[in-house]
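So you can see what is in the structure, the chains are spelled out below.
Protein chains: 2
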Amino acid sequence: MPARNIKAVVAYDGTGFFGWQSQKKGRTVQEELQKSLQCMHSHRVHLHAAGRTDSGVHADGQVVNFFTDMPAVPAERFAPALNSRLPGDVRVLSTQEVPDEFHARYSARARVYRYFIHPGPIVAPVQRHYCLRLGRSPDLSRLNRLAGCLPGRHDFTTFSALADRSSSKVREVYSAAFYPDGPFIVFRIAASSFLWRMVRSIVGSLLELEGRDEPADSMRAALAARDRGLAGSTAPAVGLFLHKVIYDESASLY
Amino acid sequence: MPARNIKAVVAYDGTGFFGWQSQKKGRTVQEELQKSLQCMHSHRVHLHAAGRTDSGVHADGQVVNFFTDMPAVPAERFAPALNSRLPGDVRVLSTQEVPDEFHARYSARARVYRYFIHPGPIVAPVQRHYCLRLGRSPDLSRLNRLAGCLPGRHDFTTFSALADRSSSKVREVYSAAFYPDGPFIVFRIAASSFLWRMVRSIVGSLLELEGRDEPADSMRAALAARDRGLAGSTAPAVGLFLHKVIYDESASLY
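Those protein sequence lines, which keep their order, are chains A and B.
Just so we're aligned, residue 1 is where the first sequence starts under my numbering, counting upward by one.
Just so we're aligned, residue 1 is where the second sequence starts under my numbering, counting upward by one.
Certain hints may be false.
Copies of the same chain look alike in the list, so a pair counts if it works inside one copy or between any two.
Below, in silico cross-link-like pairs of lysine to any residue (SDA-like), each with a Cα-Cα straight-line distance of 20 Å or less [as the list claims (entries may be wrong)]: (1) K244 <-> I122; (2) K25 <-> G204; (3) K24 <-> P119; (4) K169 <-> V112; (5) K25 <-> A177; (6) K24 <-> P151; (7) K244 <-> A124; (8) K35 <-> R171; (9) K169 <-> D60; (10) K25 <-> R228; (11) K244 <-> V186; (12) K169 <-> G16.
The hints are simulated quantities; they were obtained by calculation from the structure and are not laboratory data.
Quantities reported herein were computed from a predicted structural model and do not represent experimental measurements.
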């Protein structure tokens with residue numbers, strides 16, 4: 001019986017994790033999933049993820065894949081089986097069998113992130129780990145005018161991290177917009193892929209430019225300059241969610 | 001300068017607390033607020049609360065009052081001053097001066113609680129501390145037919161805790177209903193006041209009766225019997241929120 005390729009959609013509360021990727025400093029989401037898979041298979045199972053989220057970043061639609069040699073388990077039963085072994089801050093939302101060539105990272109056509117901003121002075125205690133407390137009410141239409149330069153194919157060096165090792169800083173953004181959602185302002189951005197900390201750098205920069213009442217083309221000028229010195233400070237991890245990953249050829253990328 | 005009576009609306013995430021009331025086992029919300037008040041006043045300040053929530057129960061509208069001898073602080077400035085000294089799982093939403101005779105507990109005309117139930121098999125990790133995972137989809141109209149007996153003045157002995165020391169088990173319920181709210185089913189109940197663990201006993205009983213497909217009048221029969229043996233198991237604290245407390249003479253009690 002050949003190994004089957006299983007795709008899993010995963011949600012997690014990033015608060016108690018040192019990010020996605022296994023390392024020695026502390027708990028990671030990857031390690032929790034590996035442990036749960038190992039428990040089922042009695043041997044180590046390798047995992048690929050669509051996005052390696054940073055320490056404190058959450059996910060409501062991370063995607064991973066792994067190859068299983070367990071013949072008797074229907075693909076959709078992996079979700080409850082894994083959940084029964086996982087801690088409450090990680091949940092496998094669904095599992096399905098996919099073609100062998102499916103790779104959570106390399107097959108992804110787009111990633112969508114959402115960043116939650118709380119404009120009021122007081123954040124409800126139950127929401128304190130899941131949003132940035134801005135403490136002021138930004139102007140939504142000004143934020144959207146500033147963000148208007150992001151869609152398209154650009155060199156995002158300005159919004160990259162110093163330690164980023166990507167050979168090219170060019171990425172394609174499909175959509176980027178702020179909208180109100182309950183007590184929050186949400187920034188939603190879809191792109192082919194992202195540089196390390198790019199979403200948080202963009203959010204931090206947009207909020208700073210809006211707060212300083214800079215002209216609508218100031219973000220465009222910062223982007224065009226390809227100069228990290230022109231980015232604002234990186235917004236904290238607490239507000240960021242990896243929302244979904246798009247693979248389907250017929251799906252809209254926005 | 002006479003002492004001023006200050007009313008504060010308080011929200012908290014009950015996850016990390018051994019309930020409202022100060023005791024020796026661990027952190028309590030009352031103790032955190034007392035510490036914060038003591039820090040401002042340089043002496044101990046006594047607090048009264050509308051409801052003494054249990055270990056793990058949350059609040060989005062608990063009400064307390066205290067007398068202050070600080071002459072220079074405008075009443076509304078107590079909220080940010082206290083918040084600057086409080087941990088993130090307690091927030092003072094607002095403060096205002098009230099007449100001397102106002103008492104958070106004895107002046108309250110009604111308390112409103114909400115209980116959050118997640119019907120699906122998987123609870124999002126970020127919501128795991130704030131709802132009961134039921135794991136099945138109950139029938140909303142059947143639940144509401146069962147709950148239909150609750151409004152009115154009744155002896156709630158059936159839904160009281162064994163250790164309850166109240167001299168009378170009679171309470172007046174103003175409204176009680178289930179409704180859908182996003183991924184949740186919410187049970188909202190308003191009453192003059194509640195017996196210890198009464199809301200959780202009622203929720204546990206209603207869910208059990210619905211799950212066993214009992215007739216619509218089975219809840220009414222359990223209530224009329226004044227027999228604790230007829231109550232279902234007490235629903236866990238995790239889904240319960242003290243939502244608001246009503247004082248205003250002109251306010252609706254529903």
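Hints and how they fare:
In this assembly of identical chains, K244 and I122 lie within 20 Å of each other by CA distance solely across copies; the values are 17 Å between and 29 Å within a copy. In this assembly of identical chains, K25 and G204 lie within 20 Å of each other by CA distance neither inside one copy nor across copies; the values are 27 Å within and 42 Å between. Taking the closest pair of Cα atoms, K24 and P119 never come within 20 Å of each other, the shortest separation being 36 Å inside a single copy and 37 Å across copies. Taking the closest pair of Cα atoms, K169 and V112 come within 20 Å of each other only inside a single copy of the chain (18 Å); across copies the shortest separation is 54 Å, beyond that limit.
In this assembly of identical chains, K25 and A177 lie within 20 Å of each other by CA distance neither inside one copy nor across copies; the values are 35 Å within and 48 Å between. In this assembly of identical chains, K24 and P151 lie within 20 Å of each other by CA distance neither inside one copy nor across copies; the values are 37 Å within and 57 Å between. For the identical chains of this complex, K244 and A124 are inter-copy neighbours only, at 14 Å across copies versus 26 Å inside a copy, given an alpha-carbon limit of 20 Å. With identical chains, the CA atoms of K35 and R171 are never at most 20 Å apart, being 34 Å at best within one copy and 51 Å at best between copies.
Taking CA atoms no more than 20 Å apart as the test, K169 paired with D60 passes in neither setting, with 26 Å inside one copy and 45 Å between copies. Taking the shortest Cα distances, K25 and R228 never come within 20 Å of each other, neither inside one copy (28 Å) nor across copies (51 Å). In this homomeric assembly, K244 and V186 come within 20 Å of each other (Cα to Cα) only inside a single copy, at 15 Å, whereas the closest approach across copies is 27 Å. Taking the shortest alpha-carbon separations for K169 and G16, neither the intra-copy value of 30 Å nor the inter-copy value of 43 Å comes in at or below 20 Å.
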